[in-house]
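Asker: In case you want the letters, here they are:
Number of protein chains: 2
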Amino acid sequence: MSSLRSLYDSKGDSPGLKTNMGVDYAIHFNIPKDPKERAEAEASFTQLVESLTKIGLATEVRDGHDSSLLIFVKVASEQYLTTQIYRERVQDWLYGVRAAAPDKDVSTAFSAEPVSDAERLRLVYLLITRPKNDGGAGITPGSGQWKRVASIFPLHDHAFNKRWIKEWSSKYVLTERDLNEIRDRFGEKVAFYFAFLQSYFNFLVVLAGFGFGAWLILGRYSFFYAVVNSIWTVVFFEWWKQKEVDLAVQWGVRGVSKIQLPRSDFKWDHETADPVTGEAVKVYSPINRFKTQLLQIPFAAGCLVILGAVYLFCLSVEIFISQIYDGPGKAYLVFTPTLILTGVLPMLSTILGNFAEKLTEAENYETEDAHDAALVQKLFFINFITSYTPLFLTAFVYMPFGNLLAPYLDIFRVTAEKISAKGTITTQGFEINKDRLKNQIVYFTVTAQIVNFLLETIVPVVKRKATQQVEKITNKEVAAEDPEGEHAFLERVRYEASLEHYDVTSDLREMAVQFGYLSLFSCIWPLAPLSFLINNWIELRSDAMKIAVSSQRPIPWRADSIGPWLNSLGFLSWLGSVVSSAIVFLFNNETEGPGGEPWGIKLWGLLLSILLSEHIYLALQFAVRHVLSQIESPGVQKEKAERFNMRRRMLKESLGEEVTKKPIPPTVKSGEKITRQALEEEAREMSIKGSSPEQAFWHRQQGMDESVQVGRYIFSQHSSNKTAKA
Amino acid sequence: MSSLRSLYDSKGDSPGLKTNMGVDYAIHFNIPKDPKERAEAEASFTQLVESLTKIGLATEVRDGHDSSLLIFVKVASEQYLTTQIYRERVQDWLYGVRAAAPDKDVSTAFSAEPVSDAERLRLVYLLITRPKNDGGAGITPGSGQWKRVASIFPLHDHAFNKRWIKEWSSKYVLTERDLNEIRDRFGEKVAFYFAFLQSYFNFLVVLAGFGFGAWLILGRYSFFYAVVNSIWTVVFFEWWKQKEVDLAVQWGVRGVSKIQLPRSDFKWDHETADPVTGEAVKVYSPINRFKTQLLQIPFAAGCLVILGAVYLFCLSVEIFISQIYDGPGKAYLVFTPTLILTGVLPMLSTILGNFAEKLTEAENYETEDAHDAALVQKLFFINFITSYTPLFLTAFVYMPFGNLLAPYLDIFRVTAEKISAKGTITTQGFEINKDRLKNQIVYFTVTAQIVNFLLETIVPVVKRKATQQVEKITNKEVAAEDPEGEHAFLERVRYEASLEHYDVTSDLREMAVQFGYLSLFSCIWPLAPLSFLINNWIELRSDAMKIAVSSQRPIPWRADSIGPWLNSLGFLSWLGSVVSSAIVFLFNNETEGPGGEPWGIKLWGLLLSILLSEHIYLALQFAVRHVLSQIESPGVQKEKAERFNMRRRMLKESLGEEVTKKPIPPTVKSGEKITRQALEEEAREMSIKGSSPEQAFWHRQQGMDESVQVGRYIFSQHSSNKTAKA
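Chains as they are written, first to last, in my numbering: chain A, 1 to 726; chain B, 1 to 726.
Hints were generated in silico from the structure; no laboratory data involved.
Hints are not guaranteed to be accurate.
[Said to hold, decoys possible] Some residues of chain A that are not near chain B, with every Cβ distance over 12 angstroms (derived): (1) T129; (2) V227; (3) L261.
[Unchecked claim] Only pairs whose alpha carbons sit at most 25 angstroms apart, straight line, appear in this in silico DSS-like list of lysine-lysine: (4) K243/A with K258/B; (5) K258/A with K18/B; (6) K243/B with K602/B; (7) K258/B with K638/A.
For every residue, glycine included, the Cβ atom is placed at its ideal position computed from N, Cα and C.
Sequences and hints are given; from them, build the entire structure.
Answerer: Okay, here's the thing in C-alpha cells:
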C-alpha cells in the first residue's frame, strides 16, 4: 500500500478503505525483540485482553507486522454502551454542563439527540483507559505495566475523510455545518481549533486589506497602522472569547472543563473527603507543589540566558562578518550564524521542552487539564523567546545601539587573527543596516512559514514512503498469513498504526506565535497580515489533510475553549500595544535624520508613548468588552431559555400546577353593613379571646369602607382647621 | 415625645415603643392645604385604600398630624403571605439564586427556613408597590397618581434596636452573628454595607499599625510605605471581592442582582418576546439610550471645568493672600477661599448631582439596578473631582510649578489696586509652602471627618428637636382625638414618619472616598490610616445609631454585593499605584535640595516610576487573585455541595435508583470450549444472516481465550523470525 494520498486521488476506492469492520479501537502492542522479555510481554498481553473482556469489549487479535500485534476492540453489547452514554449525559447535567436533563425515557433521549461518532469513541476510549476501580480497564498506553502498548487509536472513516478533503479544497469559507461535522467526527477539541483558525482567518481579511493599503500609502512604522492593528487585536480577541462560549453552548460542552479527567500519573500523599460530593479524594499538598513551581523561576531564567546568549552570539557574528569583516571567504562565512542557529536551536528547544515536561511532571497535578495548562505555559515561554528574540534584539539593541556596540565586535577579528596568519583579515567601517528589521520580519512571515509548511506536510510523507519501502521488503512473508479477505483492511490498519498522533496543541501554538508576530511587529511591514492570510488559507486545508492522511485519527476529546492558549493570545495582544508603540516611536522618523544615535532619542518621549499606548489599549479593551457584553450571543440565550424551561417543567412536575400560578389574594371584607348581629358576634369573640391593644387597634375600622370613611373625616377636619385658622 | 435617643437611655420603656400593633407598613399620606385640591386628594386616598384591600391587605386609618393621614397596613391572611413567600423562594431557585428548591411540603420548608422580618417586609413592600398586572397594588410613592403618598415605611422594632445599639457600643468587633441579625432585620443591602465596613476596619488595623511605624521611622513620602500601601489596597480589594461572594452564598442571595426589579418610570418603545422566558417584554431602543449616554461626555467635561475652575481660583486667591499679599486685613482675608468653597461647593455639588439624576433618568433604564449603577457612576465622578482636586492641584501644580505661576497672581494685586486706593497694597516674595500638601491631607483625614460626623449625626437631631417643638404647639388639639390606648403608639409613628429615609448609597460613597484618600495620598502622611481607623470605629456605631434612631426603618432590599461601588474601589486602588508613585518620586528627596524647580525633575524618571509602579501593581493583582482563587471559600463550597446533592436527589427521584448506580458490563464469552455443537450453531446462524466480511472478522476468534491463543502464536512466530534471522 503506497500512500493514502494516492488512493484519495484515484477514482476507485481501495477495498481496505471501504469498511472499518465495526472496529471501535485498534490497540498497537509491541512484541519485544529480545526473547528474554517474551514471557513478561506475553503476560502483559494476556492481561490486556482479559481486562478488555472484563469491561465488556470484544477482541480480535491480528499480526501487526514489524514485531507488533494489533488488538481490535469493539463494544460487545450496544445496549451496554447506550447505558454508559446515557449515564454520561446525565452526569453532564449533574455538573451543569447541560442545561436540561436528558429525557427520562432512554430511547426518546437518543432519538432526540443521536449518538455521534465522537461521543461513542470518546466513551469507549474512557472505558479502556479509566482506572479499574472506576469501571474501566485501566490501560494507560506506554506507562508502567502497559509500556508495550504503543498506541490506542480509532480507525479513520475514510469515506468521510475523502469527502471532507474534497469539499474543503473547493470552498473558501468553512460554515457552521463544516465545524459541526468535524465536531461529530473528531471531537470538540479539534473542532475548536478549526473554528479558531477560521475566525482568525475571517478577521485577517480585514487587516490584510488595510495592511495592503497602508503598505502602499503609509509605508512602514506607520503610527496609524499600529493603532488600527492594536484595535484589531483587541476586537478579535474579545470577539473570540464570546464566540468560544457561543460554540461551547451550541455543542453542549459549556463548562465541560470543570469535569476534569484525573491524571493517571498523579501521586497523592493523603486522602480527604471532597467538600462537594462527599466522596474520598486523593490530595497532594499544595505547599509541596508550590515549592516545585518555584523551580519555574530558575527554569525561565535559564531559558532566557541560554537562548538569549545563542541569539546574541549569532547576531554579533553576523554583524561582524557581513558588515565589518572584509576578508577572504566572506561569501561563505556569511552563512555561519544561520548554520549555528539551524543546528543549535531545534536541539536546544527540544532539550528545554523536555525539561519543561519533566518540571510539569514533578509539579504533579491532579488533572490532565491542570497539567496541560502548566505545560503550555512553559512551552509558550520557550516559544516566545525563540520566536521573538531576533526581532527584539534588532529593534532594541542593534538599531539604536549598533554604532556603540560595533567596536566591541573587534574581539572576533582579534580572535580570528590569532588563529589564522596575521594580516589576512581586513575590516570595513560599520554602518547600521536599516533594512535589517524589515528583512527579518519578511523572513519570519514569509520564508519561515513556507519552510514550516514543507516540514509539516511534505517531509513526513517522504519519510514514511522511505520506511514503507523498507518494511515492505522485510514483511512480505507475514502478509501472506493474513486471513482471507482481510489483507487490504489489515494493511491499512498497519499503516495507520505507523502514523503519528495528531497534536492539536502544536497547531494552536503555531497560530499563537503567528498572532504574536502580528500584534508585536507587523507595524514594521504592513504586508505581514496579507502573508498570514494566504498562509492560513493553506494551513486550514493542510491541517485537515494532516488529520485525514498523515496522522492517526485523534481521540475525540471534549473541550469548551482553545484552553490555555487563550491567555497567551491575551498576553500577546497586550504586549503588542507596548512593543508596537515603542517601535513606531523609535523608527517612525527614520527618514528624517541619520538615526542610530541612541542619545538622540528622547527617553521620556519613548516612555510617554508606551504609557499612553498601553492605557489607550486598556481603555479600548474595556470599551470593546462592554459593547460585546451588551450583545447577548444566540447560543447563550438559547442555553438560558433551556435552563429556564427545564426548571419550570421540573417545578410543575414536583410541585403541581397551583404553585406556579399566581395566588389569588383573600378577600377582605369590603364594607359589609354593620348589623347588630355582626357587632354582637364580634363582642362575643373579643370577650372569649380577651381584647389586647393590638386587637383593638385592628378592630376600630371594619373593612375598607370604614377606613375610607374615617379617612374622609380626618380630611374634612384638617380642611376645617385650615379654614378656621384662615 | 422628645426623642427616641432619650428613651433608649432611660431605664423604663415608653409605652409607645413596646408594640408595633402587628403593623407591617405605615403609609404617610399628605392632605393638601389648598381646599381646591381636596376632592382630588380624597379620590386618590380612596383609591389607595381600595387598591390595598384588593391585594389582601387590612387597613386602619389614623390622623397623621400636620395635614397628613397615616394608613396602617398588615397582611390580612398569614396563609396568603406564606404562599407568596414560598412562591418567591421557588422563583429564586428557578433563577439559580438558590441551589436547592424549597421542600415540596410548605410547612416543612418554613420550619427548615423560617421567615425573617426582612423577608416578610420585603414581600409586603413588593405587594404594595408592584404593578397591578403583576399582582401588586401598583403604589409608587411620590410619583404620578400617588404624588401625595409621602412615604411607605415599616415600623422600627425598638426592642431590637435598643439591644442592638447597646451591644455594639460595648463590643469591638462585629461577629457573623451581628451581621446576620442586621440582615434579618434590615435586609442584605444594609448588611453588606456593615460587612464591608467591618472588613475594611479589620484590614485598616494592619495598615494603621504599619503607618504609625512608618511615621515614626520613615517619615513622609516614603517609597517603602507607598509599596506596602499599594499591596494593602490590592489584597483588601481582592479579598473583599471573595468575601462578598461568600456572604452572598451564606445569605442565599448569590446572583440575586440578576433578578432585577423593573423600574416603574421606564418608558418603552416596543414589545418583544423575551428570548429566555418567552414572555412579552418592553424594550427601549439601545441606540437611543446610547445617544443619551453620549451626553455623559459633555457632562463630565462640564463638571471638570466648573469644579476645577472653582478650585483653581480658590487656590490662586489663597496663595496670593497668604503668601504674596502683605497689606491690611490679611488676617481676615485669609479665610476668603475657605468661605468661597464652603459656600459654593455644596451648592455646585447639589446642582451637578441633580443634573446627574436627570441625565440618568433620561437614559431610561429598564431596571432599578441599571439605573442605580449609572447614577452611582456619575456621582462617583463628581465626588472624585470635589474630593481629590485640591490635593491634585497642590501636588502636581502648586508644588512643582508654584514659582513659575506666582508672578501671574499679580493680577489680583492689580485688580485690587484698581478698586482700592493706590499704594495701600503691599506684597512679599513668594515661597512655596512645603507643608501645604501634608496640611491638606491632615485636613481631609482628620478635620473633615470630624465635621462630617457632626453634620451627619448631631445636626439632624438638633434640627428635628426644633421642628418638633413647633409641631407640638400647633398639633395639641388633634392629639386629644387619638383613640384610647393608642396615643403613645401613634405619636411614635408620627415621629418615625417625620424621619429621613436611610440611604445606604451615601454611606458607601463616604467609604469609597475615604478609600481613595488612603490609596492615592496616604503616602503623604502615614498617619492617615490610623485616623481613618478611629473614624471608622465611630462610623460603624454612629451608622447603626443613624438607622435605629434618626431614620425610618429601611425597606429590607436584597443585594449580592456592595454593587457599583465595587468598581469605584477597584479604580481607586489602581489609580493609587500611579498617583502614589508620582508623589513619592516628586517629593521623596525634598530634604536634599531646594526643590520647586520643575525643570530639575527628570521627566523620564517620573514616567518610568509610574510605568514600573503600575506594572508591579498589575502583576501583584494577578498574583493575589491567583492565590485567592486557589482557596475556595467555605460559602462557595457549601453552595456547590448543595447544588450537587440537590441534583443527585432529583435525579434519583425522576430516574430511579438504577441509573445512578454503575452499570454492570455484560459478560463476554471468556473461552467457552469449542464444541461441535457450538460450531454447528454458528454455521447455521451465518448461513441465515449471510456472512459479511465484518461478521467473518469478528468470528475468527471465539472469546477471550482464543484471542490470547492467537496472540501467543503470533508472539512465537515473531520470536522465531528473530532467531532464524539472527
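Asker: Which of the numbered hints are not met once you compare them with the structure shown?
Answerer: Violated hints: 5 and 6; rest satisfied.
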